[in-house]
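Number of protein chains: 2
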Amino acid sequence: MTVKTDAAGNLRGLWKPPDAETKRLILGSHIDSVPNAGAYDGVLGVALALEWVDLAREVKLPLAIEVIAFSEEEGVRFGVPFIGSRAVAGRMDPALLLLKDAGGVTLGDAIRDFRLDPSRLDDAALDADVLGFVEMHIEQGPVLESEGLSVAAVEAIVGQSRLTLEFTGRANHAGTTPMRLRHDALAGAAEWISSVESMARKADGLIATAGRIDVQPNAANVIAGVARVSLDVRHADDLTRKTAVESLLAEARAIAGKRGLALERTQQMDQPAVPMDERLTAFLVEAMAASGLKEKRMISGAGHDAMVVASRVPAAMLFLRSPGGISHHPDETVREEDVEAALHVGGKFLERVVTAVG
Amino acid sequence: MTVKTDAAGNLRGLWKPPDAETKRLILGSHIDSVPNAGAYDGVLGVALALEWVDLAREVKLPLAIEVIAFSEEEGVRFGVPFIGSRAVAGRMDPALLLLKDAGGVTLGDAIRDFRLDPSRLDDAALDADVLGFVEMHIEQGPVLESEGLSVAAVEAIVGQSRLTLEFTGRANHAGTTPMRLRHDALAGAAEWISSVESMARKADGLIATAGRIDVQPNAANVIAGVARVSLDVRHADDLTRKTAVESLLAEARAIAGKRGLALERTQQMDQPAVPMDERLTAFLVEAMAASGLKEKRMISGAGHDAMVVASRVPAAMLFLRSPGGISHHPDETVREEDVEAALHVGGKFLERVVTAVG
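Protein chains in written order, with my numbering: chain A, 50 to 407; chain B, 50 to 407.
Everything labelled a hint here was simulated from the structure, so no lab data went into it. Among the hints, a few may not be true.
For chains that are exact copies, the list does not tell them apart, and a pair is met inside one copy or across any two.
Capping the alpha-carbon separation at 35 Å, the derived lysine-lysine pairs in DSBU-like fashion look like this [what the hints assert, rightly or not]:
#1 Lys343 <-> Lys307
#2 Lys397 <-> Lys72
#3 Lys345 <-> Lys307
#4 Lys291 <-> Lys307
#5 Lys72 <-> Lys345
Since this is a predicted model, take the numbers as computed values, not measurements.
Let the sequences and hints guide you as you build the complete structure.
Structure follows, in structure tokens:
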């Protein structure tokens, strides 16, 4: 393979068979992770992509394959994720070059320190000669394990709303204030957190999480005056997600109203869902059947490079089972049989690409 | 008055009329408070006690009156409250002398630095020649204000249970973990906090507070793995309080069970209720009626020196309305008309003591 590093720090290897068509297939995932991470998040997808190149040779794929090991997917250093895939998708906002890391180094300087030229980021963008992009990644969740399956094709990456709700009541002595004279912010927040959970349980595919709560003064003998709660809502259908958020806000207003609490909300995120390419996804599902595996489609609840790349070229994803649903942790792992399944699917997938191109 | 400071730092003034009986009446409250406090917590009771000595002269009380300005009621410096009243009640555990303040100074050394002798703490205890103790104090709560009343006699000081419940589930990705595969510690804690409130609302005089919650990892995009919640339960009847705590623990176990959470609990406090002396309390209530005030009895939800002194001699308390229910805050205040009411009640109370003694 011909290997280079683009201006965003993506490591890119090009394999080109003799007499190849003009179009390329792009494979890959990211090679960064988080502090105290596991060994498979991202990098397994890159290793599998290299194996698929061998499979491409076997099936005599008449296309070049470019394997991309994306940089900075997690956003650990500069606080913004998908730096590498943004550049590949031609969506790199130059303002991001001014982001600073904890040591005060800008993203632009970090790229220069790596002997790359940030003024050439546009060159990293994929051109029109791309058939599509396939990313393989561990699921980072418990769904495949709970169903006893090795792999799944990702149909869509969920849209995500993130908000903070602040309930304000009156901090008061927990001994001298009778129940009927209280305006307890934590009791109000608790009632609402239960609503968040029960609404999400009722709607198919909806996930809603209150993961963070900050209470003031947060003392055992003082009625809470303020409770700030995070809300994270995800669904593959944007209307379903937005309706759920509106309904949870109405519920919060009703709870605050009846308890004499003030309610403030701020929205941190409103990110639309990203569907994967139907044709490539169908190839993956057919390849599962052809490999003797169950035809499993699922929704990804987390973001991936494929979500960003999809804005530029047709994109698809294959998930591999995550034992224990564990990720971003040293215990993160993958089963050998599931890696084998991903290779079987790869061979069958590439056979379908050969047919489609030929 | 003859004034001295006892070995616990209590400032004590003795007024003795000519031909007084042997028995003394004790009046007073504390003169310490908390950082950033108001001007009335404790010290108003001491000022009123001095005024009652003038009233005692007017009604020709045939008893001596000792006014005690208690030291260290709040427990700010050494973390343990009621140091002064413990000594007066003869309940000063010598082990407390080893308590250290934030600067490493022991309570014993602090007493010596004040030119007092900690080996003489027993001398501070009240002897048998005491008719009783009356403490006046601001209510530090909203009850009298909500009923439009100036003063109330305290029938009992509530017993108090304080516990911490820890719900442990599994921290997981808020995007990739479907609702049905979650063990969300915060959702479990929220359900239980609602139970705490609804149980307390149903039972007369019961107050139960979850004022503190600590969640791990407490991040918007991670399902909570651990939620630790404080429980503070108070009631004037110990059986009612203990039954409520048992019932809330059973509820917590049920919630943890159905959600697959582990539950741990630790108990920090199990302090019995302290009834005030019936005869002295009746004198206070009769004195209200004789002053044209409503005969109001109430329960104190907070601890006071009278609670400690009651273990040694008959004790009673008179609460004065707290505007806004505010205490331990610079806005803490008291109405002049309520101070006047407390003086009227004092005169009528002392008349009853004269009759009872005479």
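Hints versus structure:
1. Lys343 <-> Lys307: Result: close only across copies, 32 Å inter versus 50 Å intra.
2. Lys397 <-> Lys72: within (19 Å within a copy, 102 Å between copies)
3. Lys345 <-> Lys307: between (46 Å within a copy, 30 Å between copies)
4. Lys291 <-> Lys307: Both. Shortest intra-copy (25 Å) and inter-copy (30 Å) distances satisfy the 35 Å Cα cut-off.
5. Lys72 <-> Lys345: Within one copy, since 28 Å is at most 35 Å while 90 Å is not.
Hint compliance for this structure: no hint is broken.
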